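*Asks:* Below, each chain spelled out in residue letters.
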Amino acid sequence: MENTLNNNPNGMQTVDWDAKLESLGISVKKELRTKKHAFIMPEWAKGWIALIPALIFLILFMIYPILNTFVMSFVNNFYWVGNSGSSFVITNYIAALQNTRSSIHLSWGIENYIKVLTDPVFLRALGNTGLIVIISVPLTIVIGLLLAVCLNAIKPLKGLYQTIFFLPYVTNTIALGMVFNAMFSSSAGSFINVFLHMFGVDAQHWLDIYANRWNMFAVIVIYAIWNGLAFKILVFMSGLSAIDKQYYDAARIDGSSKFTIFRKITVPLLSPQILYITITSFIGACKSYSQVIALFGSGSKNFGGSDQSEWITVVGYIVKLIDSTADSAAGRGAAGCVILLLIVLAITVVQFAVSKNRVHY
Amino acid sequence: MEVRIEHLTKTFIGKKGSQTTAVNDMSFVVPDGKLVGLLGPSGCGKSTTLYMIAGLHKPTDGKIWFGDEDVTSVPPENRGIGLVFQNYALYPHFSVKQNITFPLDNVRFPGPLDANKTRVNEAKSALKRAMKANEGVEEAQKELEEAQKALEEATKALEELKTADPKKYKEVTKTRLSKVEKDAIAHKMARLVDIEPYLERKPRELSGGQQQRVAIARALAKTPRVLLLDEPLSNLDARLRLQTREEIRRIQKETGITTIFVTHDQEEAMSISDVIVVMNFGVIQQIDAPQTVYDEPVNLFVAKFLGSPAINVFDGEIKGGKLYIDGKVFDTGKEYEGEYHGKVKKEKTVVKGTDLSLDDYLADLNKHPERKEGKNEEEIHALENPELENVEYEEEVVKKDRTVKIGIRPEAFTIDPKGGVPVVVEYVQRVGRDVSMIGQVHGQEKSSLKIIIPVENWKDVEGKDNVNFKPKRFYVFEESGERIK
Amino acid sequence: MAEHEIYFASEKQLRIYKARKIITQVLLYSFLTLVGLFILFPFWYMIITSFKSTKAFENEELSGQLVFYLNSTNFSFEQFSKVFRGNFNFGTFYLNTIIVAVFSTAFTVVTSVLAAFAFARVNFKGKDILFTILLGTMMVPGEMMMMTNYQTTQMLGWANTFAALILVHGVSVFYIFYLRQTFQQIPNELFLAAKVDGYGHFQYLWKCMIPIAMPTIVTILILSLMGAWNAYIWPTLVASGSNAVLKNMGIDHSMLLVSNGLMSQFTGEFANDIPARITGSLFATVPLFIFFLIFRKYIMRGVSRSGIKG
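Listed in order, the protein sequences are those of chains D, S and F. Just add 107 to wherever you are in the first sequence, counting from 1, and you've got this note's numbering. Just add 22 to wherever you are in the second sequence, counting from 1, and you've got this note's numbering. Just add 690 to wherever you are in the third sequence, counting from 1, and you've got this note's numbering.
Please keep in mind that the hints were generated in silico from the structure rather than gathered at the bench. Treat the hints loosely; a few may be bogus.
[To be verified] Straight-line Cα separation of at most 25 Å, SDA-like style, residue types lysine to any residue; simulated pairs:
#1 S:K37 - S:F50
#2 F:K817 - S:H79
#3 D:K408 - F:L717
#4 S:K468 - S:T425
#5 S:K37 - F:G931
#6 F:K745 - D:Q269
#7 F:K817 - S:Y316
#8 S:K326 - S:K494
#9 D:K222 - D:I173
#10 S:K192 - S:L221
#11 S:K356 - S:I506
#12 D:K265 - F:W896
#13 S:K224 - F:G917
#14 F:K987 - D:F298
#15 D:K265 - F:K987
#16 D:K371 - F:Q715
#17 D:K408 - F:Q715
#18 F:K815 - D:A152
#19 F:K987 - D:P379
#20 S:K494 - S:P225
#21 F:K817 - D:F164
#22 S:K119 - S:K37
#23 S:K37 - F:N813
#24 S:K119 - S:G39
#25 S:K80 - S:K119
#26 F:K897 - S:L228
#27 S:K171 - D:W124
#28 F:K711 - D:W124
#29 S:K427 - S:L384
#30 F:K745 - D:H312
#31 S:K154 - S:V142
#32 D:K352 - F:L717
#33 S:K80 - S:T94
#34 F:K897 - S:L173
Predicted, not measured: the structure shown is a model, and the values here were computed from it.
Let the sequences and hints guide you as you build the complete structure.
*Replies:* Have a look at this one:
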C-alpha cells in the first residue's frame, strides 16, 4: 500500500486512485464496446412474435369465418345449436370434438343453395345488384375519366375543383344518403320535384312505397355516381400526372386531334388505373348495401317498395339473414355469401382475362 | 489489427437444395494497418468474403482471426468492425450527425466491477463443477472466497472513491458516452472525412461522394478494429470516384486502421491497395502487391483482369521444347521442355444409372443370368434394352507439343524489324503522346492486338501494313490458364 | 408546349387558334362548374335544411315552394337541440365513435406494423405460404365473415361492447400488404449497417423502419380513422343497444356510432322530422370535413397512392 500513498503538499494523505483501482481489478482507462446482448432470440421466434398479434385476430375473425361459412352453407339443418341462436359457432366444433351431442344428426347437402337460388327475393336481389353494377359502374367510370381529363387540361382553380370533387369521399355514406332521401322525397316541394317542375314535369314519387321501380333506380344510380366519382377521379388524376408530357407534344406535332390523342395516348397509358378502378368498382357495386338502405331510410332492412325489398341487393339479402331466427337462416345466408364470393371471383377473372392484351404497364 | 482468414468456405443452399460454393477454401492475411483490395469480377465471392469477415454471413467452414481472437462465431456487433456499403446505406430520416452517432448509442464502457463480478461467477461455476466431480473442491472454494473478497474490496474502494473524489468516481463508473462526447466524436469524424459543414443536413441533401464520406465517418465513429468497404465507389460518377478514392486512401493512412476494400475495378484496386487479393469463382488467384500482380500474373485470368487496355492474348505453339509464333521460333528455354498434365472434358454413352458402356453392361448381364429369373417377358426386354445417357467425364492428358497462349501488355511492344511478333496493321493513330495501333498477329485472323508505342516511333509505323515487334515483356500460359513463363 | 413555340403561317391562323383555345377553356370550366355544383348541392341542401325550422320546411315542401337559401321566415336553431337529447344524442355517438376510431386505429397500426415487419424483414419458415394465404383472403368479400363473426361475438358475450367494434375488424390484410411493400423498399444494407452496430430486429424496426415508412403509416392512420367513422354494417349488427356492463352499473349507455345512430332515427322519434334528421347528417359529416380540411394533402395523396398500389 505504501506506494499508493503520496504525501500531499497540504499535509493530507491522498490516495493514488488510478493505481489502487487497477490493483483491485477496476479499470480506469476504458475501451468502448458495443453492447452485448445477453440473449439473442432466434430469428424465427422474432418473426412469430411480430406476427402473432395480427395472426390471432386474422385466424379468429377472418380465416375461421371463411371456412365456417363454407361449412355452414352445406349443412341443411341447424338444430344443432350452440349457445347463440341458430348457427354454427366454435362451441359447436368443440361439442363435436367432445362428441357430447352425437345423438343429433347433421344433414349435409346443397339444400341451402337450392333454397337460396329458388328464393324469388334472392333472385330479385341478384337482378337488382346486376342492374346497379351494369348501369352505375360504367357511367361513373366514364364520367370520372372525362372529369379527370378536363381537370388535367385547366390550370387556375385546378386544386379547388379537385378538392370539391373529392368531398364525397370524406363524407358518411349514411348521412348523405339521408340528405338524398330528403332531396328526393315525394312531396311537391322536394328538391327534385321543384327542379323538374322548372321543365314542366309533374311531381313524382321517388323513394316512398308508391314510387315506380325505375324512379327508385334513378335515385340509386344518381347517388352511386355522386358517391363514387371522388375516388375514381383521384386515381385517374394521379395516373394522368404520371404520363410523360412528351407523348402529348409528339402527338400534337403529328397533328393528331384531341380525341385521337385521348383515344390513342391517354386511355392506353391510363390502362393500369382503368383496370384497377374497373375491378374495384365492379366488386364494390356487387356489394352495394349501405347506399341503398340509406336512401330508403326507415331502417337497415328496408330496400324500398311496399314489401321493403324492391331494390334489395345480394348483401342486403345476406344481412337480413344474419340475426334472423328463421328456419335455416344461417345456412341460407352462408350459401348467399358463397354465391357472392363466386360472383366476385368470376368478375375479377373475366376482367383480368379481357384486359390482358389491353393494359399497358 | 491483423486479420487472418483460414480455409474459409461458404456454400449457399438454394431453394431446391442446389449448392453453390461462393467462396472456396480461402486463406489470406491482412497485415496490421494495411489496406487490402479484394478484386474480382462480379459474382466471384468477394462480397461474400467481406460479409463473412463482418459476421453477417456464417462461414460453412474455416476460421477468421482478428489478431489472436477467433471471431468466427462472434456476432457482427461484437467484432469491432466498421462497414461501408456501395449504396451508402445512410438512414434517410437522420441528419448526418445522427447517422454518425447512431452506432455510438449502442456502445458501452464496461462497468467498474465487471471484472470482479465475472471472476466471482466463474469461481461459482467452477465450484459447482468441482463438487459434481468431487475433485478439487477445496481449491475452488478458496478461489471463490478470494474472488468474493476481491469484489467486496473493490466495492468498498469504489464507495470510498465516491466521497473522496466524486469526479473520478463518475468517470470510473460511467457506462455510456454523454451527448457532448458523442457530438465531439461526430465532429472529429466529420472533420476527418471533410464534411463538417453538413452535419445538420439530411443525407439526401448531399452529393453521392459526400454521402459516401458520411458512411465512412459512421463506420469509423466507434473506432473499429477493422474497416470493411464493399464497393464503396461503384455508385459514384467518374470524377467523384477518383476523388473519393484518394480520400479513402488518405483516411486509411491517417487512422491506420486495417482495411479491406472490395472492388471489381482493377484500376481502383491497383491505386488504393497495399496488397491485392485477386479472386475468381470463389478461389484466390493471386495475392501480391499491386505492381507485382500486374507485372507477374500467375495465370491468364489475372493477366487479363488487370490492366487497361487489357493484355493482348494470342496463340503460340510449343514444338520440340521451343516456342513458335507464326511458324517461327520465338523463344527457347527450359520451361517449354516440360510436359503438360491436364484434364480434358469428354463425353461418353453409358447405361443410365450405371457407369458401364452398353457392351460392358450386356456382358455383365450375361454373366449374371439370375437377374432375369422370375421376370416376365416385358421386364426381360427392358433389362436387355436399357436406357442410355450421355455423361461427361474428364480424361487425363499429357502433352508435349501443344498450343499455348501468349500475353503481351499493350505498352510492352517495341519496334524491331527482327522482332518475333509480326503484326498486320489495321489501324494506326496518334493520340497525344502515344501512337495507338490495332492489328492482328500475322496468320491469326481472330487475334486482336492493341498496341501503344511512344509518338517518336510514328514514322516507323506510318503507312505500313506489316510491322514486326519485339516485346519487352511477355507471358506464356497453358490453354487452361497456368503460367509457363 | 407553350403557345409562343408554335409556328403559325398567318395572323389569321393565330387568331383562330387563340379563339379556339378560349372556347375550349370556357367549355371546360362550364362543364367542371356544373359537375361541381352537382357535387356541392347536397351539402348546401344539408346546411340550409339544418338551419330551417321544421314547420317552415314542411310548409315549403307541401306548398312546392322550396327555398334554397335562408331567410327570416325559415331560419331557426331549433334542430340543434334535437340531436343532443334522448336516444338521438350526438354527444354519445361522437364519444363512442371517437373511442372506436382511436382504439381500432391504434390496434390496426400496431398489428399491421408488426406483421408487415415480420413479412418484409424477418426470415422464418412458412412465411411465404402464410403470406400467400393472407393475400388470397383479400379477394373474399367481407360479408363472408360477417355471419360467423356475428355468432362469435355473441358467443364471446361481446354484443354491445367496444371489443366487438374495435377488435373484430382491427387487423387488415390490406394494410399489412401495403406496409410490407413500403418496408421492402428500404434497402437491405440499412438493416445490415444497423446489425453491425448491434441493433436487433425490433430496435431496427423502431428506430429506422417506422420513421422511414412514416408517410405510409400516416396514410394507414388516416384511412383507418375514416373507415371507423363511416363504419355502418358491422356496428349495426353487433352494437345497436346499450352496453351491458354499464347497464349493470346503472348507466344506460347506448353503443350507437355516428352512422348507425343516425340511421336508427329513420324509424325513431324523428321519423317524419326531415330537418332534424338532416341536422343529424350534418353532425355526422362536419367532423370528417374538418379532419379532411386539416389533412387534405395527406388524405388525397394517401388515397391515391393506396389505390394504385392496392
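*Asks:* Indicate, hint by hint, whether the structure satisfies it.
*Replies:* Against the structure, the hints:
1. S:K37 - S:F50: Measuring from Cα to Cα gives roughly 31 Å; hence the hint is violated.
2. F:K817 - S:H79: Given pair K817 (chain F), H79 (chain S) holds - Cα atoms ~21 Å apart, limit 25 Å.
3. D:K408 - F:L717: 44 Å, violated
4. S:K468 - S:T425: Judged against 25 Å, a Cα distance of about 15 Å means the pair holds.
5. S:K37 - F:G931: Given pair K37 (chain S), G931 (chain F) is violated - Cα atoms ~55 Å apart, limit 25 Å.
6. F:K745 - D:Q269: With Cα atoms ~37 Å apart, K745 (chain F) and Q269 (chain D) exceed 25 Å; violated.
7. F:K817 - S:Y316: This hinted pair is violated, its Cα atoms lying about 49 Å apart.
8. S:K326 - S:K494: Given that 25 Å is the threshold and the Cα spacing comes to 18 Å, the pair holds.
9. D:K222 - D:I173: Holds, because 21 Å separates the two Cα atoms, which is no more than 25 Å.
10. S:K192 - S:L221: 30 Å, violated
11. S:K356 - S:I506: 10 Å, holds
12. D:K265 - F:W896: 39 Å, violated
13. S:K224 - F:G917: 35 Å, violated
14. F:K987 - D:F298: 34 Å, violated
15. D:K265 - F:K987: 14 Å, holds
16. D:K371 - F:Q715: The hint holds at about 22 Å.
17. D:K408 - F:Q715: Cα-Cα ~47 Å, so violated.
18. F:K815 - D:A152: 10 Å, holds
19. F:K987 - D:P379: Satisfied, since the Cα-Cα distance of roughly 24 Å is no more than 25 Å.
20. S:K494 - S:P225: 50 Å, violated
21. F:K817 - D:F164: 17 Å, holds
22. S:K119 - S:K37: 42 Å, violated
23. S:K37 - F:N813: Holds - the C-alpha atoms of N813 (chain F) and K37 (chain S) are around 14 Å apart, at most 25 Å.
24. S:K119 - S:G39: Between K119 (chain S) and G39 (chain S) the Cα gap is close to 45 Å, so the pair fails against 25 Å, i.e. violated.
25. S:K80 - S:K119: 32 Å, violated
26. F:K897 - S:L228: 22 Å, holds
27. S:K171 - D:W124: Distance of about 19 Å is within 25 Å: holds.
28. F:K711 - D:W124: With a Cα-Cα distance of about 90 Å, the restraint between K711 (chain F) and W124 (chain D) is violated, given a limit of 25 Å.
29. S:K427 - S:L384: 45 Å, violated
30. F:K745 - D:H312: 22 Å, holds
31. S:K154 - S:V142: It holds: about 18 Å lies between the C-alpha atoms, which stays within 25 Å.
32. D:K352 - F:L717: It holds: about 23 Å lies between the C-alpha atoms, which stays within 25 Å.
33. S:K80 - S:T94: The given pair, whose Cα atoms are some 8 Å apart, holds under the 25 Å limit.
34. F:K897 - S:L173: 38 Å, violated
Figure legend: structure checked against the earlier numbered hints; hints not met, in rising order: 1, 3, 5, 6, 7, 10, 12, 13, 14, 17, 20, 22, 24, 25, 28, 29, 34.
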